[in-house]
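Chains A and B supply the protein sequences, listed in that same order.
1 is the number of the first residue of the first sequence in my numbering; add one for each residue after it.
1001 is the number of the first residue of the second sequence in my numbering; add one for each residue after it.
Derived from the structure by calculation, the hints contain no laboratory data.
Misleading hints may appear alongside valid ones.
[Stated by the list, open to error] Covered, in the sense of this in silico footprint (three residues per stretch, anywhere, with C-beta under 8 Å from a C-beta of chain B), are these stretches of chain A:
1. 3-17
2. 83-97
3. 168-182
4. 190-201
5. 313-325
In this text, a Cβ means the ideal position worked out from N, Cα and C, and glycines have one as well.
Number of protein chains: 2
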Amino acid sequence: MPELRKDPVTDRWVIISEERGKRPVFVTEEVSIPKSIICPLCPGNEGMTPPEVFAIRNYGSLPNSPGWNLRVVPNKFPALRIEGELEKEGIGIYDRMNGIGAHEVIIETPNHEEQLFDMDPFRMKDIFIAFKERCVDLSKDIRFKYIMVFKNYGQRAGASIDHSHSQLIALPIVPKNVAEEIRGSLTHYKLKERCIFCDIIAQEKDEDTRIVTENDKFIALSPYASRFPFEIWILPKKHESNFVAHIESSSYMSLAEIFSVILKKYEKGLKRPPYNFVLHTAPLATYDIPHYHWHIEIIPRLTRLAGFEWGTGFYINPTPPEEATSFLKEV
Amino acid sequence: MPELRKDPVTDRWVIISEERGKRPVFVTEEVSIPKSIICPLCPGNEGMTPPEVFAIRNYGSLPNSPGWNLRVVPNKFPALRIEGELEKEGIGIYDRMNGIGAHEVIIETPNHEEQLFDMDPFRMKDIFIAFKERCVDLSKDIRFKYIMVFKNYGQRAGASIDHSHSQLIALPIVPKNVAEEIRGSLTHYKLKERCIFCDIIAQEKDEDTRIVTENDKFIALSPYASRFPFEIWILPKKHESNFVAHIESSSYMSLAEIFSVILKKYEKGLKRPPYNFVLHTAPLATYDIPHYHWHIEIIPRLTRLAGFEWGTGFYINPTPPEEATSFLKEV
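My request is simple: use the sequences and hints to build the entire structure.
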């Protein structure tokens, strides 16, 4: 029997329908990204990107030259522009503002062949350090209300370059889904005086059917109302609302470790699937709020979103999260 | 300069960023759907589907045998099931209910090779008649709160069978995005005592930069805050909140005509792109509400949704709707 489940934070309903798994499945070949003759993200080609804004480098190497392990540069084809005033305008019933923002690329490795699947946690932690550094820096710009950190791996997940990278976009607004999460968690807080994410962690520990793995500081679980097969959320076990303000130096390594465990499980169990991750954190203006809890959402892109999903905000997931969990625990 | 635009109904912001159009574009081959040896939707194979619930047939032909022009059958791999009680349950902080619902397939033509792009409006109107007939019938079931009518054409848009068809899902809840539209339009109504969609139509007629085409009863426009390149909404010009309750027999032909004009423009200008459409209408329990306005949203699937979009509910669209409009007007 299919089941309808509601996400307690956003009130989004999901159909968990194993029956759907039985319909004819077609192997969808991943059309691979054509190899560029020259990769603009490779060492030696630093001149092909805008000048770096952050890097983790070998001692003695110079900015915008080889010798880096990680490098952050403005996106050459930005969705938003850093220069200019934030002008807002009404046009009849419509509202617009200038596309002010920042759009940066975090080049995660100098090695063109290496993906996060191959990376050890010690090096992976530099990526989270880079996220934090860039967020702290950009949060000083009062035009920005939110910074969205995300990654697209594989063409089906939206990547257009295969050299391993993630991205961040600083926005003059709080995006709708984030605003909804904040609003939903505030509703819960007003009722219970507890963070709903802390409550989720407590209930998950109790039930123990959707926890994929955990370590000293983080927990990785399949959300109760998973939208996608093998969707996973990584949350700090301690209440922290804001990644930028709250993550401690001592936590990077634990975060990198649990992240790496999940990726290895995806690699082994799902054969290096295309995936996205998005860091969900409280808006910049809020420092410490009791009702929100930062986390990372990771989605392997195994199914296609069809008309139904974008039209309704309502997802059909053929893999119950309990099954996804036991599968991922075993691999 | 990129621009941020807000959808007046849902408060969803969109980045309109032409710059992004300039980044390297890769031809993404459409991986075609493997031809089944036997198509379950073709005439002669009626036994491969569950028995039909509606059909438009030649005189003298028998149910579940050839001689039909359009046929509606329950989905063989339904996301929801029609049988059973609607049981709701709380599990700690989580909510669930039985996956009760209906999932039907509207087989739009007996001809396996024919797509909506090829169909004349006179035959296309039968599809809208079928939508209405099935909605009226299913709306008698008090377990259902909403019926979602949609189509996926092309594998990239989520189709898994290439014989031309659309689908409907009857749901025991009102989907989130629809509920948001209703709420947003109600907010506007409380302020102005006018339907926001009627206001949109009035302003669009005034500005005349985003109207692609119109006829006696319908208007097709590129929404101000289009999420996708060449996104189009078709709305009745007269205020009508509920497709099922309000569409008149005399309107089917006008709807089919404007729909057909849009598809021909997509075919000519965008070369038969994969697309989705979703019918947005007021929930079943509401008969005539002054603040909501039914419409059809059509989205060619030319760009890939990446991590950014699903994480934020925030879209990046490289094609300003004014440009999309003037392009589509010309072809």
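Each hint, compared with the structure:
Closer than 8 Å: that is the beta-carbon criterion, and the stretch 3-17 of chain A has 12 residues meeting it against chain B, so the requirement of 3 holds. Note: the stretch 83-97 of chain A has 7 residues with beta-carbon separation from chain B under 8 Å; the three-residue rule is met and the coverage holds. Residues of the stretch 168-182 of chain A lying with their CB closer than 8 Å to a CB of chain B number 9, which satisfies the three-residue condition for coverage. By the rule of at least three residues with a Cβ nearer than 8 Å to a Cβ of chain B, the coverage given for the stretch 190-201 of chain A holds, with 3 such residues.
Coverage of the stretch 313-325 of chain A by chain B holds in this model, with 3 residues showing a Cβ closer than 8 Å to a Cβ of that chain against a need of three.
In this structure, none of the earlier numbered hints is contradicted; all agree with it.
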